[in-house]
Amino acid sequence: MALFGAVFAASQLVVAAPFVPRDDAVVLETLPGKPGDPAAVELRRLRAIAATAPNDPEAAATLARRYFDLAMEEGDPRYVGYAEAVLRPWPETAAAPADVLVLHGKLRQYRHDFPAAMADFDLALKADPANFAARAWRAAILMVQADYAAVRRECALLAEHVGELQAVACVAYADATTGNARAAHERLSAALARARASGIDPGVELWIQTRLAEMAWRSGQLAQAERHFRAGLGLGFNDNFILAAYADFLLENDRAAEVMPLLKGWVRSDTLLLRLALAARRLKLAAGDKYARTLGERFADAALRGEKLHLQEEARYLLDLKDDPKAALAAARDNYRTQREPRDALVLIEAALAARDPAAAAPALQWLEASGFESENIRRAATQLKALR
Amino acid sequence: MKLLLYVLCALVALAAGVAQAHKPSDSYLTLRVENAVVSGQWDIALRDLEFAIGLDANGNGEITWGELKAKRKDIEAYALSRLSVHADKKSCAVAGADLLVDEHSDGAYAVLRFGADCGAREPATLEVSYSLLFDLDPTHRGLLRFERGDASQTWVLSPEKPSVTLKAGEASRLAQFLDYLKEGIWHIWIGFDHILFLVSLLLPSVLVLRNGTWHPAERFRGTFWDVLKVVTSFTVAHSITLSLAALSVISLPSRLVESVIALSVVLAALNNLKPVVAERRWAVAFAFGLIHGFGFASVLADLGLPQGALLLALVGFNLGVECGQLAIVAAFLPLAYALRKGAFYRKGVFVAGSAAIALVAAVWLIERAFDLKLL
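Residue numbers (the working numbering), protein chains in the order written: chain G, 1080 to 1468; chain Z, 35 to 409.
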């Protein structure tokens, strides 16, 4: 922890002015992936193949898929740019192959352009009605948009092309968010147990363990949630989603001290840096202020580009770290226009509470009523907010 | 195998610059025009250069200063060929001058210093076209900052918007002055608390206090003199504190300032209902005008003050406020004078109006002092 602090402090001491290094041997930048490591070798191979076959959509799609996976693992958006460039010869039209359209959709949703992503997945399904990846991603986006009836329709269509586990997982995800977390948890756990017999892809298992953890958490089964989180983390992947979800779980259950070792080394990810900052603030650590300041710089950088991809995190930062309820509310409202997951609703309601502006959180309160979402946290905040009126 | 892969990724990620962020690709391009000389500085991420042209000569996963220096000609050729600068539609020859290094939030950047030969005359406009990395990464953005004299403006260059026309030249100082003048006028017109304070103090100008009651003034000369005293005192006072605050000589917490401004409106309006001060309203205008000045200063701070043209901005903004003020007074005075004898003015505008102003300002006072939102 002390070493981490020292490294962090040293990075802050770097003067923001150009300089001439004193020595030719000074290392300026360490590239992601050591040259010998298998991932880098694989990437170079795929790049070479795509370069020599510029008209081959398969080669391009394989390379783009690898870039996208790297973007998800590392939380590094440059890879999304590289993937987009690779797919440029096959723009998002009906003429493009289904696999390429699915990739376009994934890249679009990464940058939160949900309408364009849905359009891409639609085109993919027109070309290939059995394309379950497109179907699953549509369901995922509809969950973010809180359109649960549409989600269930997609799940029904998905079930025609996938095994039991994925079909159950799709529906269970919707059920858990609409007031049936306990039942959804039981059904999905059972399906997972049954699927073990024929082997499960670790990536799929990671997603399922994360969802199971959330379901158990919501239905008050905290020890069970803990087990699921540990199982998911134990699969050995780098995954922003499960780390963020587990950190939120620890923070909500007054276990902020455990967040520090969990997220050590993840300062480079905006979403995880937020959780680190919240935990450090909770524990009154000196690092809390440094983390908060770095977060502010990240959001300022994004504003320079004119991008707003992390509005939920920015709203939370403004509310809990900068104590600026008005700005937090503005960010939360802006965020809620495109993203309506439970966390988005929570930050909107809490910001409206702090800014004493109940009307601003009306869409989130409506969602809470309509969905029947189970969460002590959100319900308590909503009750306090309604009492303000 | 996959597990090993992911563990390796995690270890490498840990080692590779713990404190550095991941963000999409940006380059930072600054263009400067000073006395007909066009120069610039371009910060390009080493990661991006590595991806585009390769920098890691010995393939050990690290980029050293030596490796970067060795590639200077290639970097300049690559980058400068993707930047075109035209002055008044004539092409400028761009040449690299120096290579340094800088750190940004997501890693180390090569800093290219360059000059653009645009001829001997000072250009009126600069057209910039940018295409760095768009072919390899359409999410790359060129963050352009254009500095002329002491002013600067920023643009985001993207594949969708790769060019921009910049206005350079002498006209800039006048244009800046006019900009701040306009802002001054605008901000007094939307500054209802300032306006209501002034109006409250001026409502009695067309009246005269005799034996505790208000009577219409006999002659315009008295009214005019009274208005002049009040407006001038207010103006002098807020100009003083606006300047002091804008030059960072004095600074007051904004919640205090805003609350006292609201209080000043309440008192000025209440004074019309129960006269405490009649002849010396100009003194009240001066005293509270000092606080109003701090209110204007915070607006000016939000607009941003160019460090070198500080005085220009300050004078422009202040003059704008005075112009806006004068316009309001010039509209109010003849009307009030004409109506001063009627009950509409004496009971309606003066009494009921002052009461309404006092009420609204009281709400403001509560909102601002206790950080609430009632209206």
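Note that these hints are calculated values from the structure, not bench results.
By construction, the Cβ of each residue, glycine as well, lies at the ideal position given by its N, Cα and C atoms.
A hint or two may mislead.
To be verified - Taking lysine-lysine and the DSSO-like style, the derived pairs with C-alpha atoms no more than 30 Å apart in a straight line are:
1) G:Lys1401 <-> G:Lys1363
2) G:Lys1465 <-> Z:Lys263
3) Z:Lys375 <-> Z:Lys308
4) Z:Lys263 <-> Z:Lys308
5) Z:Lys123 <-> Z:Lys103
6) G:Lys1401 <-> G:Lys1387
7) Z:Lys124 <-> G:Lys1387
8) Z:Lys407 <-> G:Lys1387
9) G:Lys1387 <-> Z:Lys308
10) G:Lys1405 <-> G:Lys1387
11) Z:Lys216 <-> G:Lys1405
12) Z:Lys195 <-> Z:Lys124
13) Z:Lys201 <-> Z:Lys216
14) Z:Lys308 <-> Z:Lys216
15) G:Lys1369 <-> G:Lys1401
16) G:Lys1405 <-> Z:Lys407
17) Z:Lys195 <-> Z:Lys263
18) G:Lys1401 <-> G:Lys1343
19) Z:Lys124 <-> Z:Lys216
20) G:Lys1343 <-> G:Lys1369
21) Z:Lys195 <-> G:Lys1401
Stated by the list, open to error - Which residues of chain Z face chain G? A few of them, derived with a C-beta cut under 7 Å, are:
22) Lys57
23) Val135
24) Asp136
25) Ser186
26) Val190
27) His249
28) Pro250
29) Ala251
30) Lys407
31) Leu408
Stated by the list, open to error - Here are some of the chain Z residues that sit facing chain G, going by a computed Cβ distance under 7 Å:
32) Ile97
33) Thr98
34) Gly100
35) Gly141
36) Asp171
37) Pro193
38) Lys195
39) Ser197
40) Ile400
Going through the hints against the structure:
Note on Lys1401 of chain G and Lys1363 of chain G: the hinted pairing holds, with a Cα-Cα distance of about 15 Å set against a maximum of 30 Å. Note on Lys1465 of chain G and Lys263 of chain Z: the hinted pairing is violated, with a Cα-Cα distance of about 51 Å set against a maximum of 30 Å. A threshold of 30 Å between alpha carbons decides the hint, and for Lys375 of chain Z with Lys308 of chain Z the separation of about 20 Å falls inside it, so the pair holds. Straight-line distance between C-alpha atoms of Lys263 of chain Z and Lys308 of chain Z comes to about 21 Å, which keeps the hinted pair within the 30 Å bound.
Restraint check for Lys123 of chain Z and Lys103 of chain Z: not satisfied, since their Cα atoms lie roughly 34 Å apart, outside the 30 Å limit. Distance hint between Lys1401 of chain G and Lys1387 of chain G is fulfilled; the C-alpha atoms sit about 18 Å from each other, no more than 30 Å. With a C-alpha separation of about 37 Å, the suggested pairing of Lys124 of chain Z with Lys1387 of chain G is violated against the 30 Å cut-off. In summary, the hint linking Lys407 of chain Z to Lys1387 of chain G is supported, as the alpha carbons are separated by about 28 Å, within the 30 Å threshold.
About 54 Å separates the Cα atoms of Lys1387 of chain G and Lys308 of chain Z, which puts this hinted pair outside 30 Å; it is violated. Our distance criterion of 30 Å between C-alpha atoms is met by Lys1405 of chain G and Lys1387 of chain G, whose separation comes to about 18 Å. Pair hint Lys216 of chain Z plus Lys1405 of chain G holds up; C-alpha atoms about 28 Å apart against a cutoff of 30 Å. Between Lys195 of chain Z and Lys124 of chain Z the CA atoms are separated by roughly 21 Å; this keeps the pair inside 30 Å, and the hint holds.
Between the alpha carbons of Lys201 of chain Z and Lys216 of chain Z the distance comes to roughly 19 Å, so the proposed pair stays at or under 30 Å and holds. Taking the CA atoms of Lys308 of chain Z and Lys216 of chain Z, the gap is about 37 Å. The hint is violated against a cut of 30 Å. Distance hint between Lys1369 of chain G and Lys1401 of chain G is fulfilled; the C-alpha atoms sit about 12 Å from each other, no more than 30 Å. Between Lys1405 of chain G and Lys407 of chain Z the CA atoms are separated by roughly 11 Å; this keeps the pair inside 30 Å, and the hint holds.
Taking the CA atoms of Lys195 of chain Z and Lys263 of chain Z, the gap is about 54 Å. The hint is violated against a cut of 30 Å. Under the criterion of a C-alpha separation no larger than 30 Å, the hint pairing Lys1401 of chain G with Lys1343 of chain G is consistent with the structure, at around 22 Å. A hinted pair counts as satisfied when its Cα atoms are at most 30 Å apart, and Lys124 of chain Z with Lys216 of chain Z does not qualify at roughly 34 Å. In summary, the hint linking Lys1343 of chain G to Lys1369 of chain G is supported, as the alpha carbons are separated by about 14 Å, within the 30 Å threshold.
Simply put, Lys195 of chain Z and Lys1401 of chain G have alpha-carbon atoms about 34 Å apart, too far for the 30 Å limit, and the pair is violated. Look at Lys57 of chain Z: its Cβ gets to within about 6 Å of chain G, closer than 7 Å, so that hint holds up. For Val135 of chain Z, the interface hint holds, the least distance from its beta-carbon to any beta-carbon of chain G being 6 Å, beneath 7 Å. Satisfaction of the interface hint for Asp136 of chain Z is found here, the shortest Cβ-Cβ separation to chain G being roughly 4 Å, below the 7 Å cut-off.
Checking Ser186 of chain Z against chain G by beta carbon gives a least distance of about 13 Å; that is not within 7 Å, so the hint is violated. Evaluation of the Val190 of chain Z hint against chain G yields a held restraint, the C-beta minimum of about 5 Å falling below 7 Å. Given the 7 Å rule on beta carbons, the hint for His249 of chain Z is violated: about 47 Å separates it from the nearest Cβ of chain G. The interface hint given for Pro250 of chain Z is broken, as the beta carbon of that residue sits about 46 Å from the closest beta carbon of chain G, more than 7 Å.
The interface hint given for Ala251 of chain Z is violated, since its Cβ lies 46 Å from the closest Cβ of chain G, which is over the 7 Å cut-off. For Lys407 of chain Z, the interface hint holds, since its Cβ comes within 7 Å of a Cβ in chain G; the closest pair sits about 6 Å apart. The interface hint given for Leu408 of chain Z is violated, since its Cβ lies 10 Å from the closest Cβ of chain G, which is over the 7 Å cut-off. At about 5 Å, the closest approach between the beta carbon of Ile97 of chain Z and any beta carbon in chain G falls short of 7 Å, and the interface hint on this residue holds.
The closest approach between the C-beta of Thr98 of chain Z and any C-beta of chain G is roughly 6 Å, which is under the 7 Å cut-off, so the hint is satisfied. The interface hint given for Gly100 of chain Z is met, as the beta carbon of that residue sits about 3 Å from the closest beta carbon of chain G, less than 7 Å. Interface restraint check: Gly141 of chain Z against chain G, minimum CB-CB distance 6 Å, threshold 7 Å, status holds. The beta carbon of Asp171 of chain Z is positioned within 7 Å of a beta carbon in chain G (closest approach about 3 Å), and the interface hint is therefore held.
With a least beta-carbon distance of about 10 Å to chain G, the hint placing Pro193 of chain Z at the interface is violated under the 7 Å criterion. With a cut of 7 Å, the hint placing Lys195 of chain Z at the interface with chain G is violated, because the nearest CB-to-CB distance is about 10 Å. For Ser197 of chain Z, the suggested interface contact is broken, since its CB lies about 17 Å from the closest CB of chain G, more than 7 Å. At about 13 Å, the closest approach between the beta carbon of Ile400 of chain Z and any beta carbon in chain G exceeds 7 Å, and the interface hint on this residue is violated.
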